[in-house]
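Chains as they are written, first to last, in the numbering used here: chain A, 1 to 361; chain B, 1 to 361; chain C, 1 to 361; chain D, 1 to 361.
Treat the hints as calculated values from the structure; they're not laboratory data. Be a bit skeptical, because a hint or two may be false.
All copies of an identical chain are treated as equivalent in the list; a pair is satisfied when it fits inside any one copy or across any two copies.
SDA-like cross-link-like pairs, simulated, lysine to any residue; straight-line CA separation at most 20 Å [what the hints assert, rightly or not]: (1) K164 to T214; (2) K73 to G32; (3) K147 to Y355; (4) K164 to A252; (5) K73 to L314; (6) K147 to G114; (7) K95 to R120; (8) K164 to E188; (9) K147 to G255; (10) K73 to S90; (11) K95 to N71.
Protein chains: 4
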Amino acid sequence: MKNSLGTSVILTLFGESHGPEIGAVLDGLAPGIPVDEASIAAQLARRRPQGRMDTARREPDAFRIVSGVFNGKTTGAPLCILIPNTDTRSSDYEKNLGLARPSHADYAAHVKYGGYEDWRGCGHFSGRITAALVAVGAVALAALSAKGVRIATHILRCGEVNDKPFSDFPAELDLVNGKDFPVILPVEAEMENCILAAREQNDSVGGVIQTAVTGLEAGLGEPWFDALDSVLARALFSIGGIKGVEFGSGFALAGMTGSEANDAFCLESGRIRTRTNHSGGIQGGLSNGMPVVFQCAVKPTPSIAQPQQTVNFLTGEEAVLHLTGRHDPAIVRRICPVVNALTAIVLCDQLALRYGTDYLR
Amino acid sequence: MKNSLGTSVILTLFGESHGPEIGAVLDGLAPGIPVDEASIAAQLARRRPQGRMDTARREPDAFRIVSGVFNGKTTGAPLCILIPNTDTRSSDYEKNLGLARPSHADYAAHVKYGGYEDWRGCGHFSGRITAALVAVGAVALAALSAKGVRIATHILRCGEVNDKPFSDFPAELDLVNGKDFPVILPVEAEMENCILAAREQNDSVGGVIQTAVTGLEAGLGEPWFDALDSVLARALFSIGGIKGVEFGSGFALAGMTGSEANDAFCLESGRIRTRTNHSGGIQGGLSNGMPVVFQCAVKPTPSIAQPQQTVNFLTGEEAVLHLTGRHDPAIVRRICPVVNALTAIVLCDQLALRYGTDYLR
Amino acid sequence: MKNSLGTSVILTLFGESHGPEIGAVLDGLAPGIPVDEASIAAQLARRRPQGRMDTARREPDAFRIVSGVFNGKTTGAPLCILIPNTDTRSSDYEKNLGLARPSHADYAAHVKYGGYEDWRGCGHFSGRITAALVAVGAVALAALSAKGVRIATHILRCGEVNDKPFSDFPAELDLVNGKDFPVILPVEAEMENCILAAREQNDSVGGVIQTAVTGLEAGLGEPWFDALDSVLARALFSIGGIKGVEFGSGFALAGMTGSEANDAFCLESGRIRTRTNHSGGIQGGLSNGMPVVFQCAVKPTPSIAQPQQTVNFLTGEEAVLHLTGRHDPAIVRRICPVVNALTAIVLCDQLALRYGTDYLR
Amino acid sequence: MKNSLGTSVILTLFGESHGPEIGAVLDGLAPGIPVDEASIAAQLARRRPQGRMDTARREPDAFRIVSGVFNGKTTGAPLCILIPNTDTRSSDYEKNLGLARPSHADYAAHVKYGGYEDWRGCGHFSGRITAALVAVGAVALAALSAKGVRIATHILRCGEVNDKPFSDFPAELDLVNGKDFPVILPVEAEMENCILAAREQNDSVGGVIQTAVTGLEAGLGEPWFDALDSVLARALFSIGGIKGVEFGSGFALAGMTGSEANDAFCLESGRIRTRTNHSGGIQGGLSNGMPVVFQCAVKPTPSIAQPQQTVNFLTGEEAVLHLTGRHDPAIVRRICPVVNALTAIVLCDQLALRYGTDYLR
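The whole structure should be built from the sequences, with the hints applied where relevant.
This is how it looks when you write it as structure tokens:
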């Protein structure tokens, strides 16, 4: 399932950065889920470039629900949402045709597709495709919310500026979901300065984003290849900019002893909980009833306006690349709703598998 | 595919820690691949507990090829290998029945399976199952090796002791594949001391392991959900002890600028390469012809011989757990062949998808 | 994969009979396949209602390629084609809301979807959706044709009128592919009379269609669940009107002895062939190099203009149904291109699995 | 999933006719299902050759539960059952090596596997493998039975001898499930004579088997590729001897008009039913609450003791084949429990998808 994800609730993505439209199909959603166009628009707005921190490409994201909704609710048939591309400038790409942009998919795609790939704006590899994902994901997020499952992602680190990790559940999830620039501490201005400084130097910055999910019961996931961390990681690494995923204390666990890292069980108001959550809510591949928490490493955007050494894979010669298009100096803000959407879709799938196709109705 | 992994080459795992046998089925392998029992035995030996650094459970791993091999070669039908369990002591687990071992799957499994789970030695969640995976993976490793694809994993960090990252390809891969304790620098004694010190304190340590793959052509993987990093991460997170996965510079990319992180393309003897490999050989979800490099965070083994606070999920009361069984103070060494096996199986699948089912013959 | 089909080449369908658009995504096609809009239009024309033998709904099928094509060739990214619905009359359905149309999906869909289903014109169950399937299937057919694989379907039986089975390969395949009303013998007028007679009696007729595939090499398929007959049958039974599928002599084999039914092998110009083809080109789930031949039983169209006894599932009362909409008195002609399209997509998947993703380039 | 079937409940088959053991893994079954070894043995007995009507190969089918069962109940982990092969005579096959047995998979398998296939007794293509399938299927059958779902298969036709179709539900299902030779009418002796007559002429006979399922609620299945008929047909055609599958009136629908074929809805004791069941309990791919009924065409066993014209695919010469092994003159009796097992597994999967993984507990 190359461009599809899931077992009972299945996402399929299609479209290219400079094609007429991009789209997503979400199949297997329970019938009867309210589809609120305003909340789709709100999620798209969070992902949309705006202001000086983002690429200058301006897309209104005038999405269209093509199927799967009737009288304002899901029908149980595949939900398809389409979004037109309107602000494309293919000429930016034509003049660099054959020049492999460093740390982009251009060269690998050229080998894979033998020169038939749509090279305009990364084609099907483009982050633009995530708009369609965010649109259908908004329906999944709403369905989960109605079941008491909250998902939020904030910027834990942008360049050298840090936010604090989630520690107050679910208050901090609501906090960051209410912000355009999702951070817990008042570090927005500092992060923005960091991004704008990178832009001024024709450069870009990366960061770390952190996601938390509350309200999940224990027992979701499978022991081996459909482990909850396995299916989440599969989804997350499909985003081009994500180069690392860790659950709970993740890489920091490497420096702990078992007695430090183990999450002691306890009772809180009669419910079984753990005192710490180094496991990130997942043990042995299963949710354990604690908040599911994970971090993703986001690499600095590879499109930068500095001259870069590269190779022309059409001529087989070394060359210098001057990118003149419209670049994102950072995507840490805009990637947050994408991760929320993917997480929601994965969880809808897990819940449907465990409790049946009508569970989210 | 709960306990299965793959699209064209498909792995299925079954068995429990204290059942009669564990097993793995590897379906879709090309016909005509030599199956060398000595190399299966050698991979199993690398995974086997031995000496004071590992659990005292001693299993001879007397594997048996049940199907899929004829005249010493794969037939193209499913390859099944079974390994008996011989050294089980269920009594160690009986006395703690109901006591959720911290950072183990016990409690979540109890919720998921409603009390029907085989709780002896973690049942199907046990690392013991990885022996079967390593056995069939040995055939995959040999098939890849015949095609010039090398895979190696070493201990990059054990507790506070560090090895150096891979930098000399493929020499360092051969080096660590030739060692019982896979490290590049002469840090074996230091790491062993670290592990034995933890054991003396009835504790355990974690670490980081690093894997490299050489000889892969560019163009393997897919743009979205079968991205090469997606399928590898899905496989890797199925191992209970792994809590983080990063490709190339991974989380360190969060602190770099684009101009630092980008891998400039260049020509080396007429071949397209990158000067650096912060991308870990994967760009846009596709292999780019550079070594594929990734790190996994391994948590400290959760079974420790110290009293631990917990809850008895059968009685709903808080309790103190005294584990008296046979514990691993660290699994960083033994997890390396498991990661190699999984990586080999994922790559066989990718190669079969791209080049056809007979490619590995 | 509820509305998806395939392993390496994957079809996904979406849309409803009275929604704005229907669509299909075909993912995993090799890059570099020419996409000829005229041949898509030609296949759509074969499926389109026309004249008095078909429903009066008139759709121009003004398809739109949304993704996956660049410079007139497939890119390797998902191919999506959309077709607007223009001639919908939902009022025909409103007045019968709750009345289960006999031998339609209405009632079962109502139970499954809990009343949230789009009941207008069968919603997602509608044969209308097959237009999108035929559109993407046209690309698959052309790709196969370029590899020497021909597919054709003719009406073997319509009501009580029979055509002859395929016996002259590939000449008869070309013959029926060149006709609007695909039959081998000159039985078109007789069949049309049969259909028009049914229409006059406010009734409908069924039939049998026969498909042949030539040019397939031996060895496609798998021994068990991806047997070539298994994957074809799965695809074929997804069409609502198909109630039986048989390969080669099919049900007639029940009355033969082994000595009659066995297909003796022989040499023809040095190639291994069988003298008879009772097996329909598939033995043990694998193609054997002979033409693949199968028949599908097509039930009479269930929408008829006679009063029918039924139940109103909204009120729980018995009722009489008077269907006044636009009905097909037979679909045997229009189902032929749908079966060709599905067969082509299944075979593209099988060829890609066996020979790799670039095989059809 | 070459040798695997299912989405939430997944069957995997492995083993060869003359290998040490054959096996099946059934993953995804609910925990807590009682596993009764006597009922497994009983199903195996129904499939086992015995007497003069079957092959002389005698296998005790001493099955062994390897995993997935604890304290007599399923655990939710993969259930694996192994059955040793004991009565193999590979010499029967050695002497005909290279001679393609007509209507067997030999030749196609040789092309597919390049000569590496295990040719002894059809290897992995052998009907012997179905013993493992029947063993795990017995657990699925029992689980369904506890939920009120009954499955039965009888011999509707053997050579020229006919039984009557199912018409009395569920009484006739219990009737045939209670018989060694599953027929409704007292036609056992006549069918046996037919089989023995074929044997005396060194020949074989085919037939038709009919399966009925009662107790299924409406709404199982999906509109398109996971239509209930699609998933059943996929499973059924994986059995080598099955060359046709039809639901309800199947091919007979081709000769009916809509007014004859349509199943009028009615109320029976307040429940919605249909007066006739030409649809075989499936409309639009969904169960409609009526008994699911289908027929499978079973070809005459291709191994016959007459000289047959063939080709030696190793030498490329025409040859005459004299099969001297132990042959089945008919498999219509022994295929019935196999179809029951497959049907049960498919329905467990469908129920788990619809109602969740714990539904069958």
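Hint by hint, here is what the structure shows:
no.: 1; hint: K164 to T214; in the structure: within (18 Å within a copy, 39 Å between copies)
no.: 2; hint: K73 to G32; in the structure: within (5 Å within a copy, 36 Å between copies)
no.: 3; hint: K147 to Y355; in the structure: both (13 Å within a copy, 17 Å between copies)
no.: 4; hint: K164 to A252; in the structure: both (16 Å within a copy, 18 Å between copies)
no.: 5; hint: K73 to L314; in the structure: between (50 Å within a copy, 19 Å between copies)
no.: 6; hint: K147 to G114; in the structure: between (47 Å within a copy, 19 Å between copies)
no.: 7; hint: K95 to R120; in the structure: within (11 Å within a copy, 50 Å between copies)
no.: 8; hint: K164 to E188; in the structure: within (12 Å within a copy, 37 Å between copies)
no.: 9; hint: K147 to G255; in the structure: neither (37 Å within a copy, 37 Å between copies)
no.: 10; hint: K73 to S90; in the structure: between (38 Å within a copy, 18 Å between copies)
no.: 11; hint: K95 to N71; in the structure: between (48 Å within a copy, 17 Å between copies)
Going down the numbered hints, you'll see the structure goes against just number 9.
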